[in-house]
Structures are given as C-alpha cells and as structure tokens.
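*Asks:* Here is what each chain is made of, one letter per residue.
Protein chains: 2
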Amino acid sequence: MGTLRVPDVPPSADQDCERLNKAFDGLGTDEEAIIWVLGSRNASQRRRIKDRYQQLYNESLIERLHSELSGDFAKAVILWTQDPPERDAKLAKDALKEKKKGIKHLEVIVEIACASSPHHLMAVRQAYCSLFDCSLEEDITSTVDMPLRKLLVGLVSSYRYDREVVDMVVAKSEAATLHEAIRTTQLDCDSVVWILCTRNVFQLKSTFDCYKQNYGNPIDQDIKGCVNRDLEALLKLVIWCIDSPEKHFAEVIGNSIIGLGTDEDSLTRAIVTRAEIDTMKIRGEYYNMYNTNLVNAVIGDTSGDYKNFLMALLGA
Amino acid sequence: MGTLRVPDVPPSADQDCERLNKAFDGLGTDEEAIIWVLGSRNASQRRRIKDRYQQLYNESLIERLHSELSGDFAKAVILWTQDPPERDAKLAKDALKEKKKGIKHLEVIVEIACASSPHHLMAVRQAYCSLFDCSLEEDITSTVDMPLRKLLVGLVSSYRYDREVVDMVVAKSEAATLHEAIRTTQLDCDSVVWILCTRNVFQLKSTFDCYKQNYGNPIDQDIKGCVNRDLEALLKLVIWCIDSPEKHFAEVIGNSIIGLGTDEDSLTRAIVTRAEIDTMKIRGEYYNMYNTNLVNAVIGDTSGDYKNFLMALLGA
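Keeping their order, the protein sequence lines are chains A and B. Each residue of the first sequence is one higher than the one before, starting from 91 at the first, in this note's numbering. Each residue of the second sequence is one higher than the one before, starting from 91 at the first, in this note's numbering.
Since the hints were derived computationally from the structure, they do not count as laboratory data. Be aware that a few hints might be false.
Copies of one chain are not kept apart here, so a pair can be met inside one copy or by any two copies together.
DSS-like, lysine-lysine: derived pairs with alpha carbons at most 30 Å apart [claimed, not checked]:
id, residue 1, residue 2
1, Lys112, Lys337
2, Lys191, Lys262
3, Lys187, Lys165
4, Lys180, Lys326
5, Lys112, Lys371
6, Lys194, Lys183
7, Lys302, Lys140
8, Lys295, Lys187
9, Lys190, Lys262
10, Lys183, Lys112
11, Lys326, Lys140
12, Lys302, Lys190
13, Lys180, Lys140
14, Lys165, Lys314
15, Lys337, Lys140
16, Lys180, Lys190
17, Lys302, Lys371
18, Lys190, Lys112
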C-alpha cells in the first residue's frame, strides 16, 4: 500500500491545469500550489493532467516545470509527473551512462526488473526503445561488465507469471541448485540465472524459504564472501527486491540520509517510485531497521519545497 | 506483403456473423461460406467477428467451428480465427509438450521469437502466462535440454528495437565474435546468445553480411558440422528466421509437401501465420528454391475444403 493521498472527488484535469498555470504565472512560482495539485494525484490522473496541459496551453507541462522549478524539488516533481514507464526508462539510461565502479548506480535497474510488475517492466522496455533507439538489453550488454552483465540482461528480459502459483517440489529442488551454486561459488552459472529470471515472485519467495529451512541461513547471508564482491552485492539486491522490496527501499532511504550529507537522488527515487505501491510497508520496515520514524528522518535531512513535496507523497 | 485478400468494403461484423451462423445451421455445414467469410478478413476484423458472434449467439465461435468442422480444414480455420498472440502461445505450448528428438517441433518457437515483430512476441508471452499459469521461459527451461535451452530462453525473452538503425562498427566486431565462436565451436557461449537475442533485426542482417564479406562463407554454412547437431540446426533456423523469414517459410512449406505424404500441421502453420505478413515473398522464394509454383504445389498435395481455404489465404 502506498502513502499517496488522493482526494475522494479530485478536481477535473482542466481545473488542475488551470491551477498549475496560475502557479507558473507572473514573477515567481507558487510552489505550494504545485505540491498541492501534483502531490495528490495518482499516475492516471497525472497523465490526464499532462495531456490536457499540452492541449490547453500548447506547451509541455514537463518543460514548464523544468523552467519554473530548480534543484532537488524540480527533479522530484518532474520524476513524479513523467509517465512511470518513461520515467524508469530514463532512470535506467542514466544509470547505464554512469561509468562508476560497484553496483550502486545499477540499483534502479534491479528495482525495475524485480520489484515492479512484469507488465510495468515490459512497458519500460518499450519506452526505452522508443526513447533511445536501442533496447535496454543492448545497452546493458555494451556497458556493464561481466559477471554482472549476464544476470542483469536476464533480469530485464524477464516476464514473470504474476499470480500466486507455487510448486513446492520446484522450490526444494531449486533451493538445492542455488545452494550448490553458492557452495561451488558458481553464482553466475546458467541455472542460477534461469531460476532468478524466469520464476514468478511467489515461487522464488518459497525457494528462498526452503533454502533457509534446509541449509540453515538466509540465502542472502550465504552469498556473502563467496564470489566477486560486485556479483555478491547484485545478488543480494536481487533477492531483497524479490523477497521484500520494502526492506530494500527502506535501506535505500536509510543509506541516503544516515551519515554526513544526503543522497537526494536516491531518496527522491525511492519515495517517488514507491509512493503508489508500498511506502506504507517501507515506513514500517524503516522503523524495524533503524528504530526511528521514516517521516521524521526525512524531515531532518531535507528542507523547503523539496521536503514538503516528499511529505505529500509520504502522506505526512 | 501478405496474400490475404480483404474486400475494399467488407460486410459489418454482424453481417459476417449472420452468414456464419447460417452456414452452421441445419444438417451439414456450408464450408464454402465459412471460407468465403473468414478467409477474406484480416486479424482485427476476425477479432470483431469473434466478439460479436459471442454477443449475438451467446456461444464461442471457436467452439462452434470445432463442432462443425473436422480434420485439417478445422485445424486451419480455427488457427486462423484465434487471436494471433493466443494462437502462437498455444502453438508454443504444443511444441513444448512434444517429447521429440531433434528440433523440428521447436521451429514454431523460433518463428515467434525471430520472425515476428517484437510487439507480437511480447503479446505472445502475455497470452502464454494467461493461458498456462506460467511463463514461456519457465516451460522452455524445464522441458528443453541444453544446449538448446539457453539460446531459446534468450530468444523468447528478447524485445528488439524495431526500426532500421545499424552500426557498422558493431556489425564488424560482432561478426568477428561470431566467427571466433564458430572457430572454437563455442556456439552457445554468452556472447553469441547476447548478439542473437538483443540486437535489432537490421543490425543482425548487417552482421551476417559482414561475416560473409570478411570470412568468405555465409554464416549458416560455416556453422555446419562445427557443433552439436541440434544446436547447429537451431542456429541455422535462427539465422534464417532473422535474415530472410521468407526463405525459412518457403522451406517449411517445401519440406511439408515434397516427398511421400504431407505434413499438414507445418503447411497450415506456415500459411496461416504468414498470410498477413509475407506470403507474397514466400511464393517468390519458393519459386527460387524449388523452381516450381508454390500455389500449384499446395494444390497438388491437398484437397477439398482444406485446399480451398489455403488457396483463399494464398490469394489464389
């Protein structure tokens, strides 16, 4: 369950556009009005507002937001206003452009592939092709090094069955396959890739449960230290995004605000992409992990319009 | 270009349904009328007829066809009347159920993955999940043996960019990768799978051209005898389906009618699945390959309503 609060009887798209246009008008911008409108509309309402805005004012709403707003507030509002598949395709492209070491910048690709619906992943792949004249898989193949490449290509190519059908015999046998791969440190072998990239999420959760039952430790713990450090981190990420996305996103938010400075891009991404999905669960998990309230933690690390916008999405 | 002939001003779906219902009525069935209606309607018209038939007569058109028709004629008409993604999902499922040796039964899966549009492949994967409660990839992984499994999973998971964008540097470098894989008989290695499963069709055609230019032989010739015989056959099939699907389908039709007996299932599949895509080209290619006219060859090996229906689809 998300934390976005949509009015029971929302204004029409035309009324919202008018309100936004008024907020842009004249000297200065009425940021509060923008938060008030866009921060309480769901994806299909935002799409309608975007379409109507273009028709009414012959101008792209996204471009207008670009020119009116700035800094992290602008980034957050624009990310929120884009169509989710287009937004994620762009986030994936940006991730692949970064020539960083490690896997932190690839997190978003795993989130799209493992913590979104199969249908959304398909839509992201379509948007990626439309926007960038090549497939997401092609870009991964040409920019990500082995051994991460193999697993990532498999993950973004998946189209998992999306209902709860679990075969316990399969769960037991594939837990054994995973255990053997961990034991022999062959974690990028074909059979591991097939299990993680073709099975439905419910089946995989049962496989991970079986693993713990039969071999003593949670699988993400056993992976530690047994392979290439980046592959280890990627696999842990995949397992978390499948098994309990709320744990993963609570950690993303925690890492982005705890310690010196704030990683606003990660904080924004986690809240914007999950506000309509599971921010309620993420708030609970955050409390379990850090023994403190997520909303207060975000308030403590952000300010101004940016803070107010995140609060709107967090239903605070 | 297909050979299906649709009237400039087709009757309404209601009129077509009425005509079909009359053809089913009373003792015996008016097969000619069924051919006349369904054999000259495109996919979206057939979908509308199917929907309206259900509404008007509270009965599935497909089931009615099942009970009215028989033999190869029934199979062909029903295959033609199903929604293409559902039809192909069922063909793929049937293929995976067959516990045959070799790769002939897997042909249809390669056709769906390599000789259809990326959008159609996605729709087939969606239909497969809806119909069979698991993903196509899962079924391939659990029923097809190595080394075919790896390439097939990659192929059906692809979502290729669908416009003509070709990078000649990539073509040259990937032709070299393929050549090296052939030289070392490592044709199921990851890099070969990535090239064949992520690149757009135009890019791959250029890569195959480059291969021939730089290494002397067409790539499908060089593959011969260098690996496992099934993998060799699968790779040749993939290359043909990407490079010149019309050659592949001309061969399917040729193999199904030349020699003793007729393989009606393959003949039906080739004509039904391509009648709206490229049967015109297939007819030309058939002439090149066998020095005889495809339509006459089909007439010589089929009879009755089945023959008449195929002729309608072949525009003869």
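*Asks:* Each hint: holds or not?
*Replies:* Hint by hint, here is what the structure shows:
1. Lys112 / Lys337: neither (40 Å within a copy, 62 Å between copies)
2. Lys191 / Lys262: between (36 Å within a copy, 29 Å between copies)
3. Lys187 / Lys165: within (18 Å within a copy, 51 Å between copies)
4. Lys180 / Lys326: Result: close within a single copy only, 24 Å intra versus 36 Å inter.
5. Lys112 / Lys371: neither (36 Å within a copy, 58 Å between copies)
6. Lys194 / Lys183: within (14 Å within a copy, 39 Å between copies)
7. Lys302 / Lys140: neither (47 Å within a copy, 50 Å between copies)
8. Lys295 / Lys187: Between copies only: 27 Å across, 32 Å inside.
9. Lys190 / Lys262: This pair counts as between: shortest inter-copy Cα distance 28 Å, intra-copy 38 Å.
10. Lys183 / Lys112: neither (34 Å within a copy, 57 Å between copies)
11. Lys326 / Lys140: Neither: 38 Å inside a chain and 48 Å across chains, both beyond 30 Å.
12. Lys302 / Lys190: Neither: 34 Å inside a copy, 38 Å across copies.
13. Lys180 / Lys140: Answer is within: at 18 Å inside a copy they meet the 30 Å cutoff, but 40 Å across does not.
14. Lys165 / Lys314: neither (35 Å within a copy, 55 Å between copies)
15. Lys337 / Lys140: Intra 32 Å, inter 47 Å, cutoff 30 Å: neither.
16. Lys180 / Lys190: within (17 Å within a copy, 45 Å between copies)
17. Lys302 / Lys371: Classified as within: same-chain Cα gap 23 Å, cross-chain 57 Å, threshold 30 Å.
18. Lys190 / Lys112: neither (42 Å within a copy, 69 Å between copies)
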